[in-house]
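Asker: Sequence:
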Amino acid sequence: MSTTDTDDMDGTLGTDDRYAVERRRAHTYALLGECFHEPTEDRLAELAAVDDETVAIDVSALREATGDEKALRLDHAKLFVGPFELAAPPYESVYVDAEDRVMTDATEAVQAEYRQAGVDVAIDEPADHIAAELEFVSLLVATEVEALEAGDDEAVRHYLDRQYEFLSDHLGRWVSEIADNMRNAAETEFYQVLADETQSFVEGDGQRLANRLNQLETTDDDVEAVLGGDER
1 MSTTDTDDMD
11 GTLGTDDRYA
21 VERRRAHTYA
31 LLGECFHEPT
41 EDRLAELAAV
51 DDETVAIDVS
61 ALREATGDEK
71 ALRLDHAKLF
81 VGPFELAAPP
91 YESVYVDAED
101 RVMTDATEAV
111 QAEYRQAGVD
121 VAIDEPADHI
131 AAELEFVSLL
141 VATEVEALEA
151 GDDEAVRHYL
161 DRQYEFLSDH
171 LGRWVSEIAD
181 NMRNAAETEF
191 YQVLADETQS
201 FVEGDGQRLA
211 NRLNQLETTD
221 DDVEAVLGGD
231 ER
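For the sequence shown, UniProt numbering gives the first residue as 1, with consecutive numbering after it.
Note that these hints are calculated values from the structure, not bench results. For every residue, glycine included, the Cβ atom is placed at its ideal position computed from N, Cα and C. Among these hints, one or two may not hold up.
[Stated by the list, open to error] Taking CB as the label site, the calculated pair distances span:
(1) Q215 / T54: 35 to 41 Å
(2) A210 / E41: 38 to 44 Å
(3) G204 / A77: 28 to 34 Å
(4) D68 / L213: 27 to 33 Å
(5) T219 / E53: 25 to 31 Å
(6) V81 / D105: 21 to 27 Å
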C-alpha cells in the first residue's frame, strides 16, 4: 500500500498539496467501495483504467490480482451474497450487534449518520454495507475538499471531525474482522488483496485523522494563549 500521499496530515502541507492529498483520500474510499460490489466486466474495466497517482493504495496489486471474471463472481457471492452462509458478511450489524444479524440498531445508527450529513449513499444495499460506508466517507472527504477550496476553515474542521467520528464509531470498528474473514475464506487473490488494502488504508487513515485533529487542537490552543496574552 502507498502511504506517502496521506502521511502528511500534520498541517505542514501547502494548499495545493492539501487538495491533492484529500482528493486522493476521497478517490481511495470510493474505489474500495466499488471493489466490494459484484465484479462485472464494466467494473473491472474501470479498475484497469484507474490512474495510480489518484489513489493512496496499491491499485496495481488489485489490477494484477483480478484474474478470471467468473472466478471473481463466484468468490464474491460466497463471501458477500449467498445463497449459503456468508463467509464474510459485508454488514456492520453482523459484527457489532449481539444478534449477529443484519438490519439491527447498528444499521439504523449508520442510516442516521447519512441523514444528519445530508448525504445520499446511492447503493441498493442496507445502510451498513461496507460499500455504502466506504462511499459515505468518500463523500465526506469530497465535501471537505469543497470547503478547502472555499477557504472555509470551520467547515473543513467539521468534516474532518465527522470523518474521524464515523471511522471510530462505525467502519473502523469492524474493518479488521471482515478483512480477516475475507483472508480466511477467499479463493481468489483479488479478495485477499482487497482485504489487506482496505484494512490497511482505513486503519491508517483513522490514525492520520487523529493526528491531524490533534495538531489542529494544539494550534487552536496556541492561538487562544496568544490572544489571551494580548488581552492581558
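Asker: So, against the hints stated earlier in the document, which numbers end up violated here?
Answerer: Failing hints, ascending: 1, 4.
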